[in-house]
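As numbered in my numbering, the sequence shown has no gaps in its residue numbers, which increase by one up to the final residue, 428.
No lab work stands behind these hints, which were simulated from the structure alone.
Nothing here was measured: the structure is a model prediction, and the numbers come from that model.
Built from N, CA and C at the ideal position, the CB exists for glycine as well.
Just so you know, nobody snuck in bad clues.
Using C-beta positions, here's what the derived DEER-type ranges look like:
#1 199 with 408: 58 to 68 Å
#2 168 with 123: 41 to 51 Å
#3 97 with 199: 39 to 49 Å
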Amino acid sequence: MKERGTGTVHEIVTPYKPTLYLLPRRGRSAMAPAGMVRDLESLDLVADARVVQRFVHVDDANPTPVVQARARDPPSFKKLVDVLDAPGDFELFNADIPAFQKFLYETRLFPLCHATFDATRCGDGRLVLGGHELRDDKRRLLYPLPVMTAAWIDVMPRASSAIEAARVDNPIERVTITPYDEHYGRKDHGGPPFAAFELSRGPGIDETSLITSLVEQVRAIDPDIILTRGGDERVFPYLCSRASALGIGRSVVLSRRWRPLASECFKASDDGGEAFVSYGHVIHRGKTQYYLSGRLHVDASVYGSLHFQDGNIPGLIEVARVSSVPVQRLNRITIGGALQSIQFQIAHDRGLLIPREKRHGAETFKPVSTLLLADRGGHIFEPRTGVFDHVISLDFTSMYPMIMSRFNVSPETVNCTCCDPAENPIP
Numbered sequence: 002m003k004e005r006g007t008g009t010v011h012e013i014v015t016p017y018k019p020t021l022y023l024l025p026r027r028g029r030s031a032m033a034p035a036g037m038v039r040d041l042e043s044l045d046l047v048a049d050a051r052v053v054q055r056f057v058h059v060d061d062a063n064p065t066p067v068v069q070a071r072a073r074d075p076p077s078f079k080k081l082v083d084v085l086d087a088p089g090d091f092e093l094f095n096a097d098i099p100a101f102q103k104f105l106y107e108t109r110l111f112p113l114c115h116a117t118f119d120a121t122r123c124g125d126g127r128l129v130l131g132g133h134e135l136r137d138d139k140r141r142l143l144y145p146l147p148v149m150t151a152a153w154i155d156v157m158p159r160a161s162s163a164i165e166a167a168r169v170d171n172p173i174e175r176v177t178i179t180p181y182d183e184h185y186g187r188k189d190h191g192g193p194p195f196a197a198f199e200l201s202r203g204p205g206i207d208e209t210s211l212i213t214s215l216v217e218q219v220r221a222i223d224p225d226i227i228l229t230r231g232g233d234e235r236v237f238p239y240l241c242s243r244a245s246a247l248g249i250g251r252s253v254v255l256s257r258r259w260r261p262l263a264s265e266c267f268k269a270s271d272d273g274g275e276a277f278v279s280y281g282h283v284i285h286r287g288k289t290q291y292y293l294s295g296r297l298h299v300d301a302s303v304y305g306s307l308h309f310q311d312g313n314i315p316g317l318i319e320v321a322r323v324s325s326v327p328v329q330r331l332n333r334i335t336i337g338g339a340l341q342s343i344q345f346q347i348a349h350d351r352g353l354l355i356p357r358e359k360r361h362g363a364e365t366f367k368p369v370s371t372l373l374l375a376d377r378g379g380h381i382f383e384p385r386t387g388v389f390d391h392v393i394s395l396d397f398t399s400m401y402p403m404i405m406s407r408f409n410v411s412p413e414t415v416n417c418t419c420c421d422p423a424e425n426p427i428p
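Take these sequences, add in the hints, and give me the full structure.
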């Protein structure tokens, strides 16, 4: 939390217990909700459980009794989901939403919002949140942006070729810290921008000195936002590897909380990452992501950084406010993930349960005869094999919203149970 007016930063903790919902699967479990509550509360991973009323399907007219279970803490939530999902007796809801997004949905807070917080200092010096009052509205079109400092960081190896530069045993040659721009380069309110920092190896300056100087400069500048180009896959893994090889890995701290950079690496996948196609582009998603504590790490090179490229820092803030997705995660997901979070927020507010992600199977099964007649996928042309120039790409802008508006085709209208197909045909 950053104070308005003074710029003082405070770390406030709150004992949060993430929530999920359960419903017995048809034909798998005949257990009554009251019995499910007793069994759940006997698990060490569960803080408490109770029966609540929620809407299971979008078209439900009345709520259904379901079991609400709260995990003891965020780290226990994923374990609890795995334990409950393994037997296959229960249908789980709200189980795939990240815990920090759940917290924002339930408290009505959102990233970089203006609010007042009531906190109590404990004996160990920590500030524990007692209550809060939101003094902002994510629907506002014009709002004051928080006063923040942003800095670009880069770590460059000594290399004579791109292949040599990619080696983790290649020593660091130069480190740099530069202001994002004149506005976000100011170290305090109304003060001058901080001076750019650059240090190279030379007489009396070894690799250890480069790394320790970088850490000291980050602490002195105290930026709110650290920007990198390839920080998740190149800059930070390389920096951590070189620091570990020199025996100073635990001294590389870029967060406001005293945590080594290597411990703030989140593994998005266990292999070498993945590749997928999005809007005609083949995009690689790396296996590592670095989320800093007390600062924001924005990687301008990751596949989801279109939020940053389109609107820079104000654009990131705008989408984060509207979608209730923390800035560091927003930087690493597509705009579809942000829109999905908005849908989740609306469903949460309306008491509508969110089913688990569909990883297998079709949305609606159809006989082969129906697929042969209807599911043609448009005009398909087999392309000529080869490499061509002067290629034209056609994009049907806003095609789906226009279809929804003119022909009443949407996820809510296709195969709905509330209308007679004869009276309300879907073309």
